[in-house]
Amino acid sequence: MTRAESAAATRRTLVNAATELLDEGGREAVTLRAVGARAGVSRGAPYGHFKNKEHLLTHLAVGTWNSLADEVEQLRTDPDCAPTTRLERAVLKLIDVARRKPHRYALMFSTPAGTPAAAEAASRLENGFLTLVADLVGEADARRYGALLMSSAHGIAGMELTGHLAKDKWQVSVDQLVTLLVDAVRPDR
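Note that the sequence shown covers residues 1 to 189 in this note's numbering.
Please note that a few of the clues may not be correct.
As the list claims (entries may be wrong) - Lysine-lysine pairs mimicking DSSO-like chemistry, simulated, CA-CA at most 27 Å apart:
#	residue 1	residue 2
1	K167	K101
2	K53	K167
3	K101	K51
4	K53	K101
5	K51	K93
6	K93	K167
If you're looking for bench data, these hints aren't it; they were derived computationally from the structure.
Based on the sequences and whatever the hints tell you, model everything.
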């Protein structure tokens, strides 16, 4: 193994350890010392790969944005799905990150949008999402409906995570809400 391959392997191990800590205890659980201990490397190893905790957390946020963008891209290229179905699934994928990985979801939206790497990764997801919206409503209306759908998904996720979207109270599931949203923006309704 070359030195570069070894460094890349160590970095992956550190990122995996940081991700585990984040998933278990939120951003407060992620310290460079704890990441190094979890990864089984020297105390100084994390500092050789990340300037500080915020740099590492930004890296994790970027990874989550990019992973979600990859999923949206797969939906976008699925020839067996109708545009409405692709869009509903994309909205549900965002909500699903909040459900399955709430600390990563929170990190995505707490990382400053002006951070170049985070802005690039968020834009990648947004552009893929806007393509799905445009497939349904057309290019001219894609941005405003995309903003409506994305902010609504964020609200749905937040309400569900805090228990304020109980199905027995509102008589509607998250999936049904997403279907209602997408139906509301369809031009042929």
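In rising order, the numbers of the hints this structure does not comply with: 2, 5
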